[in-house]
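Engineer: One-letter residues, chain by chain:
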Amino acid sequence: MKLDNKTIGQRYAKAFFELSLERKTLDTDFEELSVLMQLVKENTELGDVLTDPRLRDSEKQKLLTTFSQSFSQNVQDFLNLIQDYKRFDKIEFIIDAFNDYYNAYYQKATGKVTSVVALDDNQKANLSKAYAKKFGLKSFEFENEIDSSLIGGVIVEAQGQVIDGSVQTKLKRVKQSLQK
Amino acid sequence: MSIKAEEISALIKKQLENYQDKLVVDEVGTVTYIGDGIARAHGLDNALSSELLEFSNGSYGIAQNLEANDVGIIILGKYADIREGDQVKRTGKIMEVPVGEELIGRVVNPLGQAVDGQGEIKTSKTRPIEGQAPGVMQRQSVSEPMQTGLKAIDSLVPIGRGQRELIIGDRQTGKTSVAIDTILNQKGKDVVCIYVAIGQKESTVRRQVESLKKYGAMDYTIVVEAGPSEPAPLLYIAPYAGSAMGEEFMYNGKHVLIVFDDLSKQAASYREISLLLRRPPGREAYPGDVFYLHSRLLERSAKLSDEMGGGSMTALPIIQTQAGDISAYIPTNVISITDGQIFLESDLFFAGTRPAINAGESVSRVGGSAQTKAMKKVSGTLRVDLASYRELESFAQFGSDLDSATQSKLNRGRRTVEILKQPLHKPIPMEKEALILYSLTKGYLDKVEVDQILDFEAQLFDYFDSNHASILEQIEKTGDLPENLDELNQAISDFVDGFTSK
Numbered sequence: 001m002k003l004d005n006k007t008i009g010q011r012y013a014k015a016f017f018e019l020s021l022e023r024k025t026l027d028t029d030f031e032e033l034s035v036l037m038q039l040v041k042e043n044t045e046l047g048d049v050l051t052d053p054r055l056r057d058s059e060k061q062k063l064l065t066t067f068s069q070s071f072s073q074n075v076q077d078f079l080n081l082i083q084d085y086k087r088f089d090k091i092e093f094i095i096d097a098f099n100d101y102y103n104a105y106y107q108k109a110t111g112k113v114t115s116v117v118a119l120d121d122n123q124k125a126n127l128s129k130a131y132a133k134k135f136g137l138k139s140f141e142f143e144n145e146i147d148s149s150l151i152g153g154v155i156v157e158a159q160g161q162v163i164d165g166s167v168q169t170k171l172k173r174v175k176q177s178l179q180k
Numbered sequence: 001m002s003i004k005a006e007e008i009s010a011l012i013k014k015q016l017e018n019y020q021d022k023l024v025v026d027e028v029g030t031v032t033y034i035g036d037g038i039a040r041a042h043g044l045d046n047a048l049s050s051e052l053l054e055f056s057n058g059s060y061g062i063a064q065n066l067e068a069n070d071v072g073i074i075i076l077g078k079y080a081d082i083r084e085g086d087q088v089k090r091t092g093k094i095m096e097v098p099v100g101e102e103l104i105g106r107v108v109n110p111l112g113q114a115v116d117g118q119g120e121i122k123t124s125k126t127r128p129i130e131g132q133a134p135g136v137m138q139r140q141s142v143s144e145p146m147q148t149g150l151k152a153i154d155s156l157v158p159i160g161r162g163q164r165e166l167i168i169g170d171r172q173t174g175k176t177s178v179a180i181d182t183i184l185n186q187k188g189k190d191v192v193c194i195y196v197a198i199g200q201k202e203s204t205v206r207r208q209v210e211s212l213k214k215y216g217a218m219d220y221t222i223v224v225e226a227g228p229s230e231p232a233p234l235l236y237i238a239p240y241a242g243s244a245m246g247e248e249f250m251y252n253g254k255h256v257l258i259v260f261d262d263l264s265k266q267a268a269s270y271r272e273i274s275l276l277l278r279r280p281p282g283r284e285a286y287p288g289d290v291f292y293l294h295s296r297l298l299e300r301s302a303k304l305s306d307e308m309g310g311g312s313m314t315a316l317p318i319i320q321t322q323a324g325d326i327s328a329y330i331p332t333n334v335i336s337i338t339d340g341q342i343f344l345e346s347d348l349f350f351a352g353t354r355p356a357i358n359a360g361e362s363v364s365r366v367g368g369s370a371q372t373k374a375m376k377k378v379s380g381t382l383r384v385d386l387a388s389y390r391e392l393e394s395f396a397q398f399g400s401d402l403d404s405a406t407q408s409k410l411n412r413g414r415r416t417v418e419i420l421k422q423p424l425h426k427p428i429p430m431e432k433e434a435l436i437l438y439s440l441t442k443g444y445l446d447k448v449e450v451d452q453i454l455d456f457e458a459q460l461f462d463y464f465d466s467n468h469a470s471i472l473e474q475i476e477k478t479g480d481l482p483e484n485l486d487e488l489n490q491a492i493s494d495f496v497d498g499f500t501s502k
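Residue numbers (my numbering), protein chains in the order written: chain A, 1 to 180; chain B, 1 to 502.
Just to be clear, a hint being listed does not mean it is correct.
Mimicking DSS-like on lysine-lysine, the simulated pairs with C-alpha atoms at most 30 Å apart in a straight line are [claimed, not checked]:
1) A:Lys172 <-> B:Lys13
2) B:Lys189 <-> B:Lys13
3) B:Lys93 <-> A:Lys6
4) B:Lys376 <-> B:Lys409
5) B:Lys89 <-> A:Lys108
6) A:Lys124 <-> B:Lys93
7) B:Lys376 <-> A:Lys6
Honestly, the hints are just simulated from the structure, not real lab data.
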């Protein structure tokens, strides 16, 4: 049976994560992969081009070298390996899985917080502290999204869970209980 | 009815006071595939098997396949407006349906929502649709009769309360009619009937409901309906939902009759779901667990022990065969699960023998012990009579010189076949069934012309109703023939003399 994207991502990411842990280059590798993720997201066709059977391997290799040069030897080797196995179209899943391993290692989580107005630094710090405490983590990082339809409160989405404290949802719940 | 405004505000105030402002942590996943009533979702790492999940458009689904990275979900309801990337939420519950007295007389879908246009059904209780069947110590053997009101069934393949008796046959052989007649005959017997229509044409279901209404059977019947236009998951859960509704009555000491019309279509919709969920196909492309699909359903019909209240649930599953092939996959499965089968044949049906029961291949494995003494006495020789008649019938077509013993066997056989015929929606009470079969086995009918037999039967019933009602009453009350048969014999022969001299 064909492997699904997530399984493939996990396999490559686990190998790279363990190696970089042994070589003690975890933090720099993580940062470089974050840069790469940015790059991949900006150039959505990159993965498809690098796995395009119509192009010659030497041409693809040339393209890969142009953007991988700036990375450390570790990451370069890793990218070359992915290219050898023709899995570059799965690079996003691989980096995602790597980030999961990285977060689990440092006991932290990343997620998304939706609010009506942008949170100030103090609020952000408090929120992340409270979240980390609730789930027994060391830290919690999040992006702040603005959505005025919430009316008030925040929605925290992370680790496959949603904590919905928005006024919109509360009103909806009051409405449901009155309709009964 | 006038509604006082302050009462309502008071109610709202009370509700608002009790309204708890709790932060709920929802576990969510993301839809990665959607189509054909099936969704796959990433995440939902803690989802349980057959847990109810909620999509962001308000539709519900059941987690069916729990795989390493995703969950296969069957969607109950609209799925056209679910998109890739939508959220799916865990509810922490497993699928439940409303149950209770309030459902009686209603037509509902497999989710327990009314589809008869008579307003919402307000029940106080619910039950999970999948439940553990009663165990060994919670049961007792079948002992009370479940009268179908059909002479052919009550005499040859008797059904007991708590039995599972399969009705099997080709299309257009009267399978549904047998089941509906059985429901009609439960009038006044304190039996709750549940008719589960799976993939039947809506017009057909409408017609059945109308005939149930016409004969006053809707007063004790629930109709669960999953039409062919519903998505396959609803057809798949329909019999389980019906069973859950029946179990509520059974565990409260009542008697229930449940008809699954039909399980072939349910198996087909389960096959559809399984193939879409990419489960490996087996024989006839059914998945590997298609036997368990039906065995766990039918095992829930039982006769409970007295400690459990002594309630029962009798199941009449229906299976449609293709050209009489009972060795196809689903028919053999269900035959082996049930406690016997009623085999209906299209040849007999078109020859005018209705109900078209094939007496040779129909059996009841446990019903015999539930048959009333009266019926047991009068139907003892019936099966043998019919068998020897069928055997001789083919010989008799060639030769003309038959000895008198053979002649009399042929005569008796012809009359037996005639007696077992019965018109649609005319169930007969047990004491009258016993009466006419007694007349047959004692030879009173041998003098009556074959084409006058049904006429004879009707007049005999009228005669007994007006002149010898006490005998019928006695049979009904004791469930046995009178100890002194003289009065009965005398009454019958008086009537026969009158009838034949006309």
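Engineer: With reference to the structure, classify each hint as holding or not holding.
Structural biologist: Each hint, compared with the structure:
1. A:Lys172 <-> B:Lys13: holds (17 Å)
2. B:Lys189 <-> B:Lys13: violated (47 Å)
3. B:Lys93 <-> A:Lys6: It holds: about 28 Å lies between the C-alpha atoms, which stays within 30 Å.
4. B:Lys376 <-> B:Lys409: holds (21 Å)
5. B:Lys89 <-> A:Lys108: Roughly 24 Å separates the two Cα atoms, so the pair holds.
6. A:Lys124 <-> B:Lys93: Violated, because 34 Å separates the two Cα atoms, which is more than 30 Å.
7. B:Lys376 <-> A:Lys6: violated (67 Å)
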